[in-house]
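S.K.: Dock chain to chain to rebuild the complex, using the hints, since each chain is given by itself in its own frame.
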Amino acid sequence: MSRVTIRSAINALLCASATLLPPAAADARSGASPPVPATHPPVSAAQAAARDKLEASELQAEGLLGDDAHASTAPPPRNADGHPDLSGFWKGSRDTRPVGNIGKDLPGFKLPLTRAGEIALKNNLTQVVDPESRCLIGGIPRHDASALPFAIVQNRDHVTWLYMYTYFRSVPFDVRTHPQDPDPQYFGDEIGWWEGDAFVVDAVGFKDHDMWIDENGNPASGAMHAIERWTRPDAGHLHVEVTIDDPKYYTHPFKYGRTWVAGKPGDRLREALCTENQLDLKHLGPGPGGIRADGTRGYDVPPLPATPPGPDAYGK
Amino acid sequence: MKTASLLAAGIALLGTLPVHAHHSFAAEFDGTKPVRLVGTITRIQWTNPHSYFYLDVRDAQGRIRNWACESGNPGALSRRGWKKGDIKLGDTLIVDGYLAKDGSRLVDARRVKLPDGRSVYGDTASDGGTDGAPR
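If you read the sequences in order, they're chains E and L.
By my numbering, the letter at position 47 of the first sequence is numbered 47, and the numbering carries on one by one without gaps.
By my numbering, the letter at position 75 of the second sequence is numbered 75, and the numbering carries on one by one without gaps.
Since the hints were derived computationally from the structure, they do not count as laboratory data.
Quick caveat, the model's predicted, so the values are computed rather than measured.
Incorrect hints may appear among the rest.
What the hints assert, rightly or not - When the alpha-carbon atoms are kept at most 27 Å apart in a straight line, the in silico DSSO-like pairs for lysine-lysine are as follows:
1. Lys282(E) <-> Lys84(L)
2. Lys88(L) <-> Lys316(E)
3. Lys33(L) <-> Lys282(E)
4. Lys255(E) <-> Lys207(E)
5. Lys122(E) <-> Lys110(E)
6. Lys110(E) <-> Lys248(E)
7. Lys122(E) <-> Lys101(L)
8. Lys248(E) <-> Lys264(E)
9. Lys104(E) <-> Lys255(E)
10. Lys316(E) <-> Lys113(L)
11. Lys316(E) <-> Lys83(L)
12. Lys88(L) <-> Lys264(E)
13. Lys33(L) <-> Lys316(E)
14. Lys282(E) <-> Lys104(E)
15. Lys264(E) <-> Lys83(L)
16. Lys84(L) <-> Lys113(L)
17. Lys248(E) <-> Lys122(E)
18. Lys264(E) <-> Lys84(L)
19. Lys264(E) <-> Lys122(E)
20. Lys316(E) <-> Lys264(E)
21. Lys207(E) <-> Lys264(E)
Said to hold, decoys possible - Per label pair, the in silico range of CB-to-CB distance:
22. Thr42(L) <-> Leu162(E): 33 to 39 Å
23. Leu106(E) <-> Asp59(L): 50 to 56 Å
24. Lys88(L) <-> His252(E): 56 to 62 Å
25. Asp59(L) <-> Asp67(E): 44 to 50 Å
26. Thr275(E) <-> Ile44(L): 15 to 21 Å
27. Gly90(L) <-> Phe168(E): 38 to 44 Å
28. Pro265(E) <-> Ala60(L): 53 to 59 Å
29. Ile94(L) <-> Lys282(E): 22 to 28 Å
30. Gly62(L) <-> Leu273(E): 37 to 43 Å
Note that CB positions come from ideal geometry on N, CA and C, so glycine has one too.
Chain L extracted, bound-state conformation (with noise of 0.2 Å):
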C-alpha cells in the first residue's frame, strides 16, 4: 500500500510537458505500426524543420528497398548529443520507428542506435508520440 501511495505521488508530480513539434506525430505516423530497419545509410539530409536519412534495406526476398527515415531538426539532435559526424554514408544503423499512415516507405526514427554504439532519441519529443525508450 505504501508503494501504490508513493508510486501515485510520484506519477501525480509528474505532470504535463510542453508540445512543440512541427506537426503532430498523429498527423504522419500509424501508432499501432512499429517497425525496426536494419539498414545502410545511402543519402543524409541535416535539415529544417526536420533531419533525415535513407536506408537500404534488404527484405525477406533479398530485395533492397530504400526507406527515408524522419528525424528532429539539426539543432535539437545536437544538443541531445547526435552530431552530423556521427554518421556517414554506408555505415549500417538499427532504427525502431512507426511508419507513416499513407503507406510509404518512410518511418519516424524515434530510437536509432547510431555505429559507435549509442543509442539516441531520433525524433521530436512531444509531439504526441512514443518516448523510445524499450519496453
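Next up, chain E with everything else stripped away, as it sits in the complex (with noise of 0.2 Å):
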C-alpha cells in the first residue's frame, strides 16, 4: 500500500472516528508541573491516534525504528573474554513508552520532585531552551530515554557508545572509584564492571546547569548518581535498568527501564553535527512544549488544512 493510500486510509478513520471518542485528555505531566496553556481547539484521541500512526510510518521510513517482529532471540554473542558483547546499532522498539519521558515506569509518569525540583521544573518550562536544541549534550538518563538510535563498541577493555550528532561516552571495565572531586560532564564521571553478564556503569560529578533529564524538561542536578545496567537478553535486544538518584531535585531514588532492537545489517550512524547550521537558534522559544496526555513532549496541533492561506492572510 502506498503511503499516500495509507494516509487518504487514516483520513477516513479519522473523519469517521472522530465523532466516536471522547477530545484527549489534558495536559499530563511527569511531576508537578504547571501544563503549558493550548492556544487552540483540542486534538482528540482519534485525530492524535492517526497522527502517531503516520509518524510511525514516517519513522520506519527513515529506518529509526527497530524491527521488534523480526528481532532474533538467538543467544548473544559473547567475547573471548565471556561476557556479552553488547555491540552493534540499536534502535527503539514500538513497546517503549512513552519515548523521552523518564517516569515512563512511574505512576501516571509522576516523577517524586522536591520544592526546589519543582522550581526547577517550572524554570526549564519557562525559561530555558532545550539545551539539546542549543546543541549540547543531553547526557544520561535523557541519552537512555532518547528515540535516536545509538552504536555501541565494545573491545576487550571498553565500551563506547556513539550517538547521533557525534557525540560519545567510552567507559572502562574494573574501575571502582571515582576522582575525589570529578570535573563536570554531561554524561557524568562514568566508571564500570561487570556483574555477571551486567556491565553496570557508575556515573557521578554531573552539569548543574543546561541538563534536562528528560525530553519533557525534569531537571537534573549536579548532584545526581546514576547507577546503569546494560544486559543483551539474546542476540537481538539490548536493555538498561538505570537507577537515578538525585536528591536536590528528587525525594528519593527512582528507576527507569527500556529495550532497544537490534538494527539491520548495513545500519550506521551518519555524519550529523549538530552546530553546521544553528538557524533555528534565534527563533526557539523556552520549554518542550506541551505534554500530551500520553506522556510525549510537543503541542497537538490540529491537521495541516489541504490548502492553507498564503501569507497574506497574516499580514505577511
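M.R.: Now the structure itself:
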C-alpha cells in the first residue's frame, strides 16, 4: 500500500472516528508541573492516534524504529573474555512508551520532585531553551530515554556508546572508584564493571546547569548519581535499567528501564553535526512544548489544512 | 456499533510514537497559523540539524518577499525519498506549513510539492507537530 493510500485510509478513519471518541485528556506531565496552555482547539484522541500512526510510518521510512517482530532471540554473542558483546546498532522498540519521559515506569509518569525540583522544572518550562536544541549533550539518563538510535562498540576493556550528532561516551571495565572531585560532565564521571552478564556504569559529577533529565524538561542537578545496568538478553535485544538518585531535585531514587532492538545489517551512524547550521536557535522559545496525555512532548497541533491560506492572511 | 468498536480497537492499538526531534515543534512554530507559500527557490542549505531552502514569494501587492523554510536533516529527507537533486535554484515549490512564533518570515515546511509533482513530508516526524497529511 502506498503512503498516499495509507494517508487516505487514515484520513477516512479520522473523519469516521472523530465523533465516536472523547477529546484528548488535558495535558499530563511527569512531576508537579504547571501545564502549558494550548492556544488552539484540542485534538481528539482519534486525530492523535491517526497522527501517531503516520508518524510511525515516517519513522519507519527513515529507518529510526527497530523491527520488533523480527528481532533475533538467539543467544547473545560473547567476547573472548566470556562477557556478552553489547556491540551493535540499536534502535528504539515500539514497546517503549512514552519515549523521552524518564517517569515512564512511574504511576501517572509522576516524578518525585522536591520543592527545589518543582522550581527548577518551572524554570525549564518557562525560561530555558532545550539544551539539546542548543547542541549541548543530553547526557544520561536523557540519552537512555531518547528515541534516537545509537551504536555500541565494545573491545576487551571498554564499552563505547556512539550517538547521533557525533556525541560519545567511553567507559572502561573494572574501574571501581571515582576521583574525589570529578570534573562536571554531561555524561558524568563514568566508571564500569561487570556483574555476571550485566555491565554496570556508575556515574557522578554531572553538570549542575543546562541539563534536562529527559525530553520533557524535567531537571537534573550536579548532585545526581546514576547507575545503569546494561544487558543483552539475546542477540536481537539490548536492555538498560537505570537508577537515578538526585537528592537535590527528587525526594527518593527511582528507576527507568527500556529495551532496544538490533538494527539491520548495514545500519550505521551517519555524519550529523548539530552545530553545522543553527539558524533555528534564534527562533526557539523556552520549554519542551506542552506534554500530551500520553506523556510525550509537543503540542497537539490540528491537522494541516489541504489548502492553507497564503502569508497575506497574516499580514506578512 | 460494530464499526465503532473496530475503530476504537484499531486506534487503541496504534499507541504513541517516539519523539526524536532536535527541538519540539512548539518551541519554534505556531500551530494556529498554517500557511501556504508558492515561490521560486533562491537558496538551498542541505545541513544538520535542519535543512533550509529559501523562496521568493510574491505578496498580494506584488512585492517579492524572501522566506526561509525549515525542513528535516538531509539524512531524514533522503531516507524518505527527497534527494538533494530533486530541487534546484529557480524551481517553483508549493510549501504548506506553519509560521514561526516570533513573526519572522520562516515556516515549518511540513508538506512540500516538488517540481516533479510528488508531495513529500518535509519536516521532522514526531516533533509534536502535525504529520502534514492533507485533510
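S.K.: None of the hints should be skipped; say for each whether it holds.
M.R.: To see whether the hints hold, each was checked on the structure:
| no. | hint | verdict |
| --- | --- | --- |
| 1 | Lys282(E) <-> Lys84(L) | 26 Å, holds |
| 2 | Lys88(L) <-> Lys316(E) | 25 Å, holds |
| 3 | Lys33(L) <-> Lys282(E) | 20 Å, holds |
| 4 | Lys255(E) <-> Lys207(E) | 20 Å, holds |
| 5 | Lys122(E) <-> Lys110(E) | 15 Å, holds |
| 6 | Lys110(E) <-> Lys248(E) | 17 Å, holds |
| 7 | Lys122(E) <-> Lys101(L) | 21 Å, holds |
| 8 | Lys248(E) <-> Lys264(E) | 42 Å, violated |
| 9 | Lys104(E) <-> Lys255(E) | 9 Å, holds |
| 10 | Lys316(E) <-> Lys113(L) | 22 Å, holds |
| 11 | Lys316(E) <-> Lys83(L) | 30 Å, violated |
| 12 | Lys88(L) <-> Lys264(E) | 33 Å, violated |
| 13 | Lys33(L) <-> Lys316(E) | 12 Å, holds |
| 14 | Lys282(E) <-> Lys104(E) | 31 Å, violated |
| 15 | Lys264(E) <-> Lys83(L) | 22 Å, holds |
| 16 | Lys84(L) <-> Lys113(L) | 14 Å, holds |
| 17 | Lys248(E) <-> Lys122(E) | 15 Å, holds |
| 18 | Lys264(E) <-> Lys84(L) | 25 Å, holds |
| 19 | Lys264(E) <-> Lys122(E) | 41 Å, violated |
| 20 | Lys316(E) <-> Lys264(E) | 47 Å, violated |
| 21 | Lys207(E) <-> Lys264(E) | 35 Å, violated |
| 22 | Thr42(L) <-> Leu162(E): 33 to 39 Å | 37 Å, holds |
| 23 | Leu106(E) <-> Asp59(L): 50 to 56 Å | 51 Å, holds |
| 24 | Lys88(L) <-> His252(E): 56 to 62 Å | 59 Å, holds |
| 25 | Asp59(L) <-> Asp67(E): 44 to 50 Å | 48 Å, holds |
| 26 | Thr275(E) <-> Ile44(L): 15 to 21 Å | 20 Å, holds |
| 27 | Gly90(L) <-> Phe168(E): 38 to 44 Å | 41 Å, holds |
| 28 | Pro265(E) <-> Ala60(L): 53 to 59 Å | 55 Å, holds |
| 29 | Ile94(L) <-> Lys282(E): 22 to 28 Å | 27 Å, holds |
| 30 | Gly62(L) <-> Leu273(E): 37 to 43 Å | 41 Å, holds |
Consistency with the previously given hints fails for numbers 8, 11, 12, 14, 19, 20, 21, ordered from lowest to highest.
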